[in-house]
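With these hints in hand, go ahead and build the complete structure from the sequences.
Residues in the sequence shown are numbered from 1 upward in steps of one, following full-length UniProt numbering.
Derived from the structure by calculation, the hints contain no laboratory data.
You may find that some hints are simply not true.
Unchecked claim - In silico BS3-like cross-links for lysine-lysine, where the CA-CA straight-line distance does not exceed 30 Å: (1) Lys573 x Lys163; (2) Lys573 x Lys159; (3) Lys269 x Lys159.
All figures in this text were calculated on a predicted structure; none of them were measured in a lab.
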Amino acid sequence: MEWRSRCFSERVGRSTDRSIGRCERRSRSFAAGGVPATNCPNAPSSPSAPRTSGVVAPEAAHSARSVRMSPTLKTVIPMQTSKKNRPAVGVVFFVSVAITALIVLWGALAPNNFGVVTNRVFGYVVSDMSWFFLLAANVFLVFVIYLGLSRYGRTKLGKDDDKPDFGRLSWFAMMFQAGMGPAIIFWGLAEPLSHYDNVPFGLAEPGSQEAAGLAIQYSFFHWALHPWAIYATAGLAVAYFTHRKGEKALISAIFRPLLGDRVDGPLGKALDVLAVLAVVFGIAVALGQAGLQLTAGLGETFGLPTGVWVQLAILGLTTAAFMISATTRIEHGIKWIANISMLIAPLLLIFYFVVGPTVVQLNVLTEGIGNYLTNIVPMSFRLDAFDINTEWLGSWTVFYWSWWIAWAPYVGMFMARISRGRSIREFVGATVLAPSIVSMVWIAVFGGAALQLARNGQASDIAGTVAQSPAAGMFVFIKEYPLPILLAIITLVLLWVFFVASADSGTVVLGELSSGGSPNPKVWVRLLWGLLLAGVAAVLLVSGGLGALQKASVLIGAPFALVLLGICVAFFKTLSKERSPRVEGDARGRTTEAGDPEAPEASEDPAAPGERPAERQDRAVGDEQRPDERVHLA
1 MEWRSRCFSE
11 RVGRSTDRSI
21 GRCERRSRSF
31 AAGGVPATNC
41 PNAPSSPSAP
51 RTSGVVAPEA
61 AHSARSVRMS
71 PTLKTVIPMQ
81 TSKKNRPAVG
91 VVFFVSVAIT
101 ALIVLWGALA
111 PNNFGVVTNR
121 VFGYVVSDMS
131 WFFLLAANVF
141 LVFVIYLGLS
151 RYGRTKLGKD
161 DDKPDFGRLS
171 WFAMMFQAGM
181 GPAIIFWGLA
191 EPLSHYDNVP
201 FGLAEPGSQE
211 AAGLAIQYSF
221 FHWALHPWAI
231 YATAGLAVAY
241 FTHRKGEKAL
251 ISAIFRPLLG
261 DRVDGPLGKA
271 LDVLAVLAVV
281 FGIAVALGQA
291 GLQLTAGLGE
301 TFGLPTGVWV
311 QLAILGLTTA
321 AFMISATTRI
331 EHGIKWIANI
341 SMLIAPLLLI
351 FYFVVGPTVV
361 QLNVLTEGIG
371 NYLTNIVPMS
381 FRLDAFDINT
391 EWLGSWTVFY
401 WSWWIAWAPY
411 VGMFMARISR
421 GRSIREFVGA
431 TVLAPSIVSM
441 VWIAVFGGAA
451 LQLARNGQAS
461 DIAGTVAQSP
471 AAGMFVFIKE
481 YPLPILLAII
491 TLVLLWVFFV
501 ASADSGTVVL
511 GELSSGGSPN
521 PKVWVRLLWG
531 LLLAGVAAVL
541 LVSGGLGALQ
551 KASVLIGAPF
561 ALVLLGICVA
571 FFKTLSKERS
581 PRVEGDARGR
591 TTEAGDPEAP
601 EASEDPAAPG
611 ERPAERQDRA
621 VGDEQRPDER
631 VHLA
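Below is the structure:
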C-alpha cells in the first residue's frame with residue numbers, strides 16, 4: 001500500500017512534475033508491452049487496457065488512507081473517511097432534535113393539553129390564512145410549468161457531462177413512493193366517497209349524480225398538478241444548487257443569492273431547523289395514516305382489534321423494519337423497496353380495472369379529467385369568502401396544501417438527490433405531469449368503482465364506513481371482489497412497503513439536513529431520526545388520531561410556505577443570470593455577462609456554467625464523498 005499512497009500523492013500535486021512524468025512514461029512503457037510500472041497509479045492492468053481519464057477530488061489528497069486502488073489500478077474508489085472527515089452534526093441537529101423530543105414529551109405526558117393547543121392554532125390558520133395557502137400553491141404550479149416549458153428547461157441539473165445515476169423506471173418509482181406512498185392508497189378510494197356524502201361547498205345534493213362527478217373532480221384537484229408542483233419547486237432548486245452550483249444539500253444554501261454569507265450564520269441555521277421540523281411532521285403524518293390503515297385492514301380482514309395500542313404496536317414493528325433499511329445504501333435499500341412497490345401497485349390497478357366496472361372507470365377518468373381541467377382555475381381560488389363556515393375547506397384543500405408544503409423539503413431533497421444529470425424539463429415532466437396522470441388513473445379506478453358500488457347499493461355500508469373510518473374503506477371495498485383475503489393481504493403488503501420506503505427516505509433527508517448537507521449522514525443519526533419520527537407519529541395518534549395528524553401538518557406548513565416562496569425568488573434569480581444575454585462568451589460559447597462574478601474562469605478543470613473556483617472545489621469534494629461514484633486518474 002505504501003507505493004500506492006506515494007504515487008497517489010504524486011498525482012494530486014504533492015510531488016514535482018518530474019515525478020509525474022516518470023509515472024506517465026512507465027505507464028506508456030507497460031501499455032506497449034513492457035514491464036509493469038509498480039509505482040504508478042496510471043499503469044494499465046494489461047498491455048491492451050486503455051488509460052482512464054478523470055479528476056481527483058482535492059480532499060482525497062489530504063489522506064491516502066481515504067481511498068483504495070481498484071484491482072486494475074485504473075481508478076481510485078472512495079472508502080470510509082477518517083473520523084475527522086466524517087460528516088459532523090452541529091447546531092441544526094441538536095436544536096431540531098431537542099425541539100422534536102420536547103414535542104414528543106409534551107404529547108406523551110399531557111396529550112389533552114397538546115390537543116387543545118393544536119386545535120386553537122389550527123382554527124386560526126384555517127379561518128385567517130386559507131387565502132395564503134391557495135395563492136402560494138398556485139404560484140408554485142405556475143412557476144414549475146414555466147420553467148419546464150421555457151428556455152430554462154434545457155438546463156441540466158448537474159455538470160454538462162453528468163449522466164443520470166438511475167434508470168427512468170427506478171427513478172420514477174422512488175419519486176412516486178416518496179411523494180405519495182401510502183397516502184394515495186389511503187385516500188384514493190376514501191376521498192371520492194367522502195365528497196359524495198359531504199359535497200364540497202354544498203354544490204350538489206349528497207348522494208346525487210352531480211355529487212359523484214364533483215367527488216371525482218375535487219379528488220383530482222387535490223392529488224394531481226398542485227401537490228407535485230409544490231414538490232418540484234423544492235426539488236428543482238435543491239438539485240440545481242447542489243449538482244450544478246456545488247452548494248451543500250441544504251435549504252439554506254438556496255438563499256445564498258438573496259442573503260449572501262448570512263446563510264452560513266444563525267439565519268441559515270434557522271431555515272434548516274424549520275426545514276427539518278417540516279420534514280419530521282410531514283412524514284409523521286404519513287406514518288400515522290399508514291398505521292391507521294394497516295390496523296383497519298387487519299381488523300376488517302382478520303377480525304383483529306383496532307385500538308390505539310394495536311396501532312402503536314404496528315407502528316413499532318414497521319419502525320424496526322425501516323430502521324434496518326436505513327443502515328443500507330440508497331441503492332440497496334430504498335431503490336429495491338420502491339421497485340417492489342412499483343411492481344405490486346400496477347398489478348393491483350390492472351386487476352381492479354379488468355374485474356371491476358371497466359367502462360364506468362374509463363368514463364370516470366375521461367369525464368373527471370375534463371371537469372378538472374375546465375374548473376381548475378375556479379377550484380384553485382375558491383374560498384367562499386362570505387361564508388363563515390370554513391370546515392370543509394380546512395379539512396380538505398387547506399389541509400392538503402399545507403401537508404404537501406410540509407412534505408416539500410423531504411420529497412424535494414430526495415428527488416434532488418436522485419436526479420443528478422436530468423434536465424429541468426425532464427424533471428418537471430417526471431415529477432409533475434407523469435405522477436399527476438398516475439394519481440388520476442388510480443382515483444378513477446378505485447374511487448370510480450367505489451362510487452358505482454355506493455350508487456347501486458351493492459355495498460350499502462361502504463359510504464358509511466368511510467365516514468366513520470376512512471382507513472377501513474379500502475378493505476370494505478375489497479370484500480366485493482373475488483379472492484378478498486388474498487387481495488387484502490396484497491394490499492397490506494403494498495401499504496407496508498410504501499410505509500417503509502417513505503420512512504427510510506425520510507431518515508436520509510433528515511440526516512442530510514442535520515449533518516451540514518452531507519450526502520452520507522452517519523448511521524446513528526438516521527436511526528435517531530427514525531425513532532423520533534415514530535415518536536411523533538405515536539403522539540399524534542394518541543392525542544387525536546386522524547384529526548390530530550391533519551392539524552399538525554397544517555401548523556408546520558404555514559411557515560414553510562414562506563420559505564418555498566423565497567426559494568422561487570432565489571432560484572429564478574440565479575437561473576436567469578446563468579442564461580442572461582451574451583456580452584462576453586467563454587470557450588464553449590456559453591453566454592455570460594462581462595464582470596459577472598459568477599462567470600467561469602479559465603482552468604484545467606472544466607466547470608459548470610457560472611461556477612466560481614471555490615464552488616468548483618466544493619463540487620469536487622462533494623464528488624469524492626458520493627459513495628458509489630468512482631474518481632478516475634488522468
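Going through the hints against the structure:
no. : hint            : result
1   : Lys573 x Lys163 : holds (26 Å)
2   : Lys573 x Lys159 : holds (19 Å)
3   : Lys269 x Lys159 : holds (28 Å)
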